[in-house]
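K.L.:
Spelled out from the first residue to the last, the chains are:
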Amino acid sequence: MSGASIRFVLHGEVIEVDNVDPTRTVLQFLREDLGRKGSKEGCAEGDCGACTVVVAELTRDGDELALKSINSCIQFLPTLDGKELLTVESLAPDSSSLHPVQRAMIDEHGSQCGFCTPGFVMSLFVLYKTNPKPSRQEIDDALAGNLCRCTGYRPIIAAAQSMYAESPDDSDWLRQPCGKQDKPTERITRLKGLQRADGLEFDVAGRRYYAPVDIDTFAAIYARHPDATILAGGTDIGLWVTKQHRELQTVIYTGRVEELTNLSVMPAHIEVGAAVTLADVMPVIIDHYPGLEELFRRFASPPIRNAGTLGGNIANGSPIGDSMPALMVLGASLVLRQGDSVRELALEEFYHDYQVNDLRPGEFVAAIRIPKNEEAVIVSSQKWSKRFDQDISAVCTAYRLELDGEVVRSFRMACGGLAPIIKRARTCEAALDGKHWNEQNLERACAALASDFTPISDARASADIRLRAVQNMLRRFYLETRGEVDTTVYSYGRQS
Amino acid sequence: MRERAVGRALPHDSAHLHVTGRAAYTDDLPEPRDLLHLAVGMSEVAHARLRGVDLGEVLASPGVVDVCTAEHIPGANNFGSIVADDPIFADDEVQFVGQPVFAVAAKHVEEARRAALKASVDYELLEAILDPLSAVAKKSFVLPSETIVRGDPDDAISSAPRRLRRRLTLGGQDQFYLEGHIAMAIPQEDGRLLIYSSTQHPDEVQTVVAHATNRLAKDIVVICRRMGGAFGGKESQAGLIACIAALASDKTGRPCKLRLDRDDDMIMTGKRHDFVIDYDVGFDETGRILGIDFEFASRCGMSADLSGPVNDRTMFHCDNAYFLENVRIVSHRCKTNTVSNTAFRGFGGPQGMFAIEHVVDDIARELGRDPLEIRRRNFYGKDERNVTQYQQTVEDNIIDEIFDKLVVDSDYEKRRSAIREFNAGSKVLRRGIAITPVKFGISFTNTLLNQAGALVHVYKDGTVQLNHGGTEMGQGLYIKVAQVVADEFQIGVDRIRTMEADTSKVPNASATAASSGSDMNGKAAGKAAAKIRARLTEFAARHFSVSEADVEFSAGSVLVGDRSMSFAELVQLAWANRVSLSATGYYRTPKINYDRATFSGRPFFYFAYGAAVTEVVVDTLTGENRVLRVDILHDCGDSLNPAVDLGQVEGGYVQGVGWLTSEELWWNDAGELGTHAPSTYKIPTCSDLAPDFRVELLQNSANRENTIYRSKAVGEPPFMLALSAFHAIRDALAGSPDKAPNLQAPATPESVLRAIRDASHE
Ligand SMILES: Cc1cc2nc3c(=O)[nH]c(=O)nc-3n(C[C@H](O)[C@H](O)[C@H](O)COP(=O)(O)OP(=O)(O)OC[C@H]3O[C@@H](n4cnc5c(N)ncnc54)[C@H](O)[C@@H]3O)c2cc1C
Ligand code: FES
Ligand code: FES
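Protein chains in written order, with our numbering: chain A, 1 to 496; chain B, 1 to 762.
For reference, chain A alone in the conformation it holds in the complex:
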């Protein structure tokens, strides 16, 4: 094992941390170890954004720097190895030199109690560096992971619009807005120097952390430690630690494995490495299936999508996970690997029961294969929850419809939130297969949903209304294919 130390850049300096507890969060490290208290804890579960920090990392080709907001409260410190961390303190080294984002927040009266503010500043900073002129919609999306209880957001939106008007200090890359920035050569070089050719592994008081860089090593380590926890984005696992106070003995990180972070568009399908982040995979999927755009926009928030992975979503296997209904109707399959052996399994055969899946000891998800679209196939997905942004679905549906004139050649529907696992609505599908795509048959299919699912009541919705909702969602899908409704309440009346 290599020495128990990790290296990353903070405040322009490479810092080396020894004896890292593998599940110490970045926020704990900042606040408790470094005394950098600008980042706040509002929830310790990735949901409020008070802890938002920014990670700068090399792109895959190693030539560019990518800026990503993340929730430091659930991000484990060792995952920063080889990256640069930017916190609210990084933007204004001394109080006399505010960053344009900070100045705009002051000028627009964007803070009241101020507790959410450092997080907003960091999310706005990413927007400042990545979008030269955001629309209201883009601002909303960029801030979807930041809660403010005081302002009602109006002044923060105003700051997001006016921050570009500030005169930036040309020399400092952090202050150069999108479109007017130099290549951060120095930063890139510094990070290149931190990359490890053969991965990272260490042991602190019997607790082990592995971050291999190739899939064979990964498979071998996992085969040796089948009880280990595979760590991807940590957006589910983080909460095991911060909320359930679990101690993880052995952690194997997927984020550095070349093959697992690969995303390639093949002739007939899209091959998504299990560790590809949601932020990276979504645009590619939407490109092929525009009907999934709203689903993905509403999937968590930018910082969660920047860390969270598609493989993690699937492997976690929550009955209210959002990607699975869509992937199921598309006929996606999983590439599973155990030691040296590889098999492929249809996603819909992956889930057996609540939190029980088909993975064998030492086996992991290597990739997800998503078939490409065929002509004349309609694919759509709907999310039903209390809030538009950053909410977990009470019900999530996906449809794949192939029509032959007025006749249904094939209809697939899958749902989350209605059963212990995500699954296809077989009875409902059967009620439509080969039938006319009309209101009468649709009503039969809606009725059939009651025999496909027996939902339960919980904090997100009650059983009876859940069923009613899914039936109405199917009705809505029907009307959409008929061109009778073309907008949701969320897109209604929006300029862009």
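Don't take each hint at face value.
[Stated by the list, open to error] Derived SDA-like pairs (lysine to any residue); straight-line CA-CA distance at most 20 Å:
| hint | chain 1 | residue 1 | chain 2 | residue 2 |
| --- | --- | --- | --- | --- |
| 1 | B | Lys-427 | A | Trp-437 |
| 2 | B | Lys-427 | A | Gln-471 |
| 3 | B | Lys-427 | A | Arg-475 |
| 4 | B | Lys-107 | A | Leu-34 |
| 5 | B | Lys-118 | A | Trp-240 |
| 6 | A | Lys-243 | B | Leu-117 |
| 7 | B | Lys-427 | A | Thr-487 |
| 8 | B | Lys-427 | A | Cys-446 |
| 9 | B | Lys-427 | A | Thr-481 |
| 10 | B | Lys-739 | B | Tyr-279 |
| 11 | B | Lys-107 | A | Asp-33 |
| 12 | B | Lys-427 | A | Glu-443 |
| 13 | B | Lys-427 | A | Thr-488 |
| 14 | A | Lys-243 | B | Asp-264 |
| 15 | A | Lys-133 | B | Pro-691 |
| 16 | B | Lys-427 | A | Glu-439 |
[Unchecked claim] Examples of chain B residues lying across from chain A (beta carbon under 7 Å, computed):
| hint | residue |
| --- | --- |
| 17 | His-18 |
| 18 | Val-19 |
| 19 | Arg-113 |
| 20 | Arg-114 |
| 21 | Phe-176 |
| 22 | Gly-229 |
| 23 | Met-473 |
| 24 | Thr-622 |
| 25 | Thr-675 |
| 26 | Phe-693 |
[Unchecked claim] Estimated spans, in silico, between C-beta atoms of each pair:
| hint | chain 1 | residue 1 | chain 2 | residue 2 | range |
| --- | --- | --- | --- | --- | --- |
| 27 | B | Phe-422 | A | Lys-192 | 54 to 60 Å |
| 28 | A | Lys-133 | B | Asn-700 | 34 to 40 Å |
| 29 | A | Val-14 | B | Ala-555 | 50 to 56 Å |
| 30 | B | Ala-670 | A | Asp-433 | 40 to 46 Å |
| 31 | A | Ile-456 | B | Ser-426 | 30 to 36 Å |
Hints listed in this document are in silico derivations from the structure and should not be mistaken for laboratory results. Treat the numbers as computed from the prediction; the structure is a model and nothing was measured. For glycine and all other residues, C-beta sits at the position ideal for the given N, C-alpha and C.
Once you've looked at the hints, dock chain B with the ligands against the given chain A.
P.N.:
Only chain B with the ligands this time, still in chain A's reference frame:
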């Protein structure tokens, strides 16, 4: 030239610290070296006798130093300030899921939290009452029910040409301040204790800690520089957190910090009361209310806490802006085995106003009229029909003017008919619009609380330290009061340092609550500054042999006869001539007097007014809804700081919309709160803000009462503007097919679907 420091849109005094992360909240303060971190072990059941609490494993857990339970409390096991029924730690009975049973102290937060899960508690389960209606049925109340009657409601209702009856249910709300509860207790010499607390009420923290730890007030100092939001949630509840920190600190002899995890905070501390409301109203064909009978049942939880005054305010505000000639209001304060509910922006007022707005809306829908018309029809008059049900004459009524202006500015009529047209041609989406008024009484209804103190120091260099009893929770109190003092001395606000709220500087301060912060502390600080200014004036006149009338404080300088000097120079001179440069100021709100026994008198110094028009779109298939446009006209009197006040109006409105749409508190059958984290409890996000959001402060509307610079309180009133959003959703649903849909608040997608289903009588 005098320059007005008040009335300017200055940024929040801490804005530059907020944006750079340099603003220190309680958890950011430097930690003493031997600090211990605490975690609380909570009851897992709603109601039980405690047969035994075994903390062996807790004590054996890594890093643990000590534990603390009810038996370790030397003084009173209570943090309730009005009624002594709020145990700090459960003694022999637990009364709700989440009630503190013990605290554990460890070297690290994580260790404490992990250890707290390891207790084994032996519960003998008792019957639990989990909702207000069951409590009413079993006569389970934290305080006696109260009634206000005026006129003859029974006769007026039964002889009225029209009559409606209905039951309304209205959800509660978590404050969801972004900074959770926290307190740090640090032992001092000779038995003294220093407490840093995130509290709206340092004085109460001092008092309850004194009682619990058997100390005298003189031996406790409580300090709060700022809170990361409070909204009423840190009024009484902060006492519990501080008591636990203090007790653990006394027991271990070491500094102790308790910072609640978000989930624990939501489970353990009180929220806005949810209500079941029955009304019976008689009215005429024009929509005028002739008689009305209200019965309110609120979930107070397991103790009285602030539920008495909260529910009183419901009774005072169930008229909103309407004259109720014959009225009966019955208010039940239900005792349930759930967390004890507490203050939250509006303090019972929103629930009362929700009730009457629903009644007025129902009447309009019953008569097939625009609710706007029915609202106007029932407004308080100026010279007649102007006495509230609690016998206060409404002297400052401007609701008609506000409505008239807003109806025009918002283009209400035209948009309303456009919406009707849209709905006629739309299969799934429906739009709706509503205008609602706000009239909100300003003052603590408990008259004695309407007092405030300040302490102003002027230093030799002409700079000022400002202390007052108010706390800063983001509402901008500090900058507003600093502007008052700046105005008095004619110096820049940058010459003034507002100090943290500190019980050793200003004693016996009331909570920063009831929207009264700037009114009271502004006056008190203004008076303190005026005293020093008078001394300086007197001195300057004497020293330079001019008349006092010839001493003028103007922007940046003081004119003494034909001499001009800087404020600092005058101060220096005064000091050298032995003039006292420090003064206290004290203010008590005039005119108010009110008899709680008869619910009559003048509880409020004045009223704040406003109105909002909200337009929404609703999906009748999914129940999802969104606010599209908002027009607000709100009355802040002569605003002390229009930017700060605008922030209160906007933030209040959005928070109110959250209460009425997406924020749902859900308990299961065992009395466990299921929505105890932001993952399940959904406050508005950025995209929920209406794309078209127009907010205006009413101009030229000086407060008729002599408040600080004729401004008006603005903390709470705008919250209730959000009622227009709820009624806009009802408006969208009206006619699909029910003319007056039975929509329960909050109007979540589920609630909307339920209303539609019930209307179709499936
Ligand atoms: C604030 C917040 C909002 C969220 N919103 C949504 C939402 O809107 N919709 C939604 O669906 N989810 C949501 N989630 C859940 C979560 O973000 C997703 O499930 C995410 O995709 C998980 O990916 P991850 O990489 O973070 O997984 P991790 O947390 O790293 O891992 C999750 C699980 O998958 C296992 N795992 C990961 N990779 C592999 C692999 N290659 N092979 C085998 N096992 C593996 C892990 O061992 C673990 O059991 C949200 C979470 C948070 C905190
Ligand atoms: S603290 Fe709330 S998202 Fe991290
Ligand atoms: S300013 Fe208080 S939460 Fe945003």
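K.L.:
Next, verify each hint and record whether it holds.
P.N.:
Okay, the hints, checked on the actual structure:
1. B:Lys-427 <-> A:Trp-437: Given pair Lys-427 (chain B), Trp-437 (chain A) holds - Cα atoms ~19 Å apart, limit 20 Å.
2. B:Lys-427 <-> A:Gln-471: Judged against 20 Å, a Cα distance of about 16 Å means the pair holds.
3. B:Lys-427 <-> A:Arg-475: holds, 12 Å
4. B:Lys-107 <-> A:Leu-34: Given that 20 Å is the threshold and the Cα spacing comes to 17 Å, the pair holds.
5. B:Lys-118 <-> A:Trp-240: At roughly 17 Å apart (the allowed maximum being 20 Å), Trp-240 (chain A) and Lys-118 (chain B) satisfy the hint.
6. A:Lys-243 <-> B:Leu-117: holds, 11 Å
7. B:Lys-427 <-> A:Thr-487: Holds: Lys-427 (chain B) and Thr-487 (chain A) sit about 12 Å apart, inside 20 Å.
8. B:Lys-427 <-> A:Cys-446: OK: Lys-427 (chain B) and Cys-446 (chain A) at ~18 Å, within 20 Å.
9. B:Lys-427 <-> A:Thr-481: holds, 14 Å
10. B:Lys-739 <-> B:Tyr-279: holds, 18 Å
11. B:Lys-107 <-> A:Asp-33: Distance ~14 Å between Lys-107 (chain B) and Asp-33 (chain A) Cα, so the pair holds.
12. B:Lys-427 <-> A:Glu-443: holds, 17 Å
13. B:Lys-427 <-> A:Thr-488: Measuring from Cα to Cα gives roughly 12 Å; hence the hint holds.
14. A:Lys-243 <-> B:Asp-264: holds, 10 Å
15. A:Lys-133 <-> B:Pro-691: Measuring from Cα to Cα gives roughly 17 Å; hence the hint holds.
16. B:Lys-427 <-> A:Glu-439: holds, 14 Å
17. His-18: holds, 3 Å
18. Val-19: holds, 4 Å
19. Arg-113: OK, holds: Arg-113 (chain B) within 7 Å of chain A, min 6 Å.
20. Arg-114: holds, 4 Å
21. Phe-176: holds, 5 Å
22. Gly-229: holds, 4 Å
23. Met-473: Cβ of Met-473 (chain B) sits 6 Å from chain A, so the hint holds.
24. Thr-622: holds, 6 Å
25. Thr-675: holds, 5 Å
26. Phe-693: Holds. Min distance 6 Å.
27. B:Phe-422 <-> A:Lys-192: 54 to 60 Å: Check passed, 58 Å falls within 54 to 60 Å.
28. A:Lys-133 <-> B:Asn-700: 34 to 40 Å: Check passed, 38 Å falls within 34 to 40 Å.
29. A:Val-14 <-> B:Ala-555: 50 to 56 Å: Since the Cβ atoms of Val-14 (chain A) and Ala-555 (chain B) sit about 52 Å apart, the hinted range of 50 to 56 Å holds.
30. B:Ala-670 <-> A:Asp-433: 40 to 46 Å: 43 Å Cβ-Cβ, so the 40 to 46 Å window holds.
31. A:Ile-456 <-> B:Ser-426: 30 to 36 Å: Since the Cβ atoms of Ile-456 (chain A) and Ser-426 (chain B) sit about 33 Å apart, the hinted range of 30 to 36 Å holds.
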